[in-house]
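Colleague: Sequence:
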Amino acid sequence: MTSKPAFKVRGISDLKDMLEQSAELYGNNNAFWLKAKNGKYFGITYKELKSEVDALGTSFIKLGLKDKFIAILGENRYEWCVAYLAAVNGTGVVVPLDRELPADEIENLLIRSGASAIVFSQKHEKDMRHISSTLSSVRYFINMDAEEDENGFLSLKKLIKDGKALMTEGDHSFTDAPVDPNAFNILIFTSGTTDVAKGVMFSHKNIVSDIMSVCSMLYIDDTDSTLCLLPLHHTYACTTSFLLMLYNGCRISFIEGLKHIANNMKETSPTIVMAVPLILEAMYKRIRDQISKHKSTARKAAIGMFICNFLYNLLGIDIRRKVFRQVHENLGGKLRLVISGAAGIDPDVSKGFRSFGISLRQGYGLTECSPIVTVNQMDNFRDDSVGLPLPCNEVMIYRPNKAGVGELMVKGDNVMLGYFDDRLATEKALRDGWFFTGDLAKMSRNRFFSITGRKKNVIVTKNGKNIYPEEVESYLNKSFYIAESMVYGKYDEATDETFVYAQIVPAFDNIKEKLGKPAVTSEEVFSIIDAEVKAVNRSIPIYKRIRRFTVREEEFAKTTTRKIKRYLEKIG
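All residue numbers for the sequence shown refer to our numbering, where the first residue is 1 and numbers rise by one.
Honestly, the hints are just simulated from the structure, not real lab data. Don't take every hint at face value.
Label pairs and their computed distance ranges (CB to CB) [as the list claims (entries may be wrong)]: (1) PHE480 to GLU523: 15 to 25 Å; (2) GLU553 to HIS130: 54 to 64 Å; (3) PRO400 to PRO347: 30 to 40 Å; (4) ALA177 to GLN377: 31 to 41 Å; (5) GLY114 to GLU471: 52 to 62 Å.
Glycine included, each C-beta is placed from N, C-alpha and C at the ideal position.
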């Protein structure tokens, strides 16, 4: 099934067309709102952005990079975005790389992609020097921060300056370069939770179809602004917090790091943010804890919520932003919409944000689908669902069981071209035009979809019961004393049965606060976690109950969207 659009959107054929239209429509609007070294913010308009993209693209072609692979490595910043658009809009194939990868893996991906150039930030200069001495296939190393070319490395700033001069002299090689919407122009290496990185191939058509479809389901316009919280090399952030925002004439800012989210929210006053559950659940817990610290504050909040809900639900009068003014001010004062993706979010968190007057809508997607597949609409949503399919794709459940659970399949313009240099993986994932996601899902009577877990993770008991680890983990992670958990199945030879086990990372600071001690023993920690596990077991069916658990101090290895890399964890 698919969905009908809720809003009319303008058509774009490719990302180059998108930027040209946005520069024409929103030319004097700020495309970016950036923090200078002195702490003050300044804007870069859509006209200025297009001028710099065109100039850099012209220099790329002058260097002989037409139809070549150009990698980008660095933190979220304006220069990253300019390099991306210059590489993809008439030069060649853009290859965004995970900035947190070790140098040897960066080198491996440069080899795998056959990159001819890499644009990088100063933080990676030392690694690039080492790689340049051993990897001759990369012809150009381009530093985002250098003012001038130095020791064989090129300066991005100088390339932009030189490109402007070339254009003044009549060089239109980049601006006149046609873009084939169906051609392979984007290569994303996944950071999966169950496997090693695959190279996902995209066309412009894949990305722009997803952008237009999302905007047909959620209202966004040029008065909106965003604070980009997630790394741009990941498709979720790149499509939604960057490209989709440019399509709508919005203003983009970047966080200085996860520790600075609260301060950056106040400084930039975003109206929309795209985030992952781990960030949103932490934000909501912090707000809730501040409210509940004092009995009088908690009582006022409870009364306020009751009055707000009564007036809004029965009379359509919305006073939530006034009643919870302090909450809004701490989030910048203008936040109206939060989109959660990359993993399932606790429905109570969605309801909690809504009670403060902030709409939180959950969506679902995968890298291979550009990435959004389903999303909840503004006036048609369910907190326990990932929403309705986008108009650009069809969604079906493959071979559902008696409970209606089966593998989710997707077909549409947003589905990838295939896996790079991996024919077997492509043929396994793409069959008869359908992409088999590997995610298990079910559909409600009113056609809302819910994700129950990963196909590879499901635990099957001796009597045929299916247990989805993610469901049990959601119960555990609600505990104030549990930071995170990983649930898995373990076969017991003595009983010829598979039982549910868990690894749990305690929320040590909260445990210390509970016990009123600056330091706690392992026995004290185990006792508290044991009580929490027993409480969870009482609330779920017997066959899903946790048989045993272990406590670990270090957090799990995660992807850039904060999902646990299960395949890295040794489960004994």
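Colleague: For which of the previously enumerated hints does the structure constitute a violation, in increasing order of number?
Modeller: When the structure is compared with the hints, numbers 2, 3 and 5 turn out to be violated.
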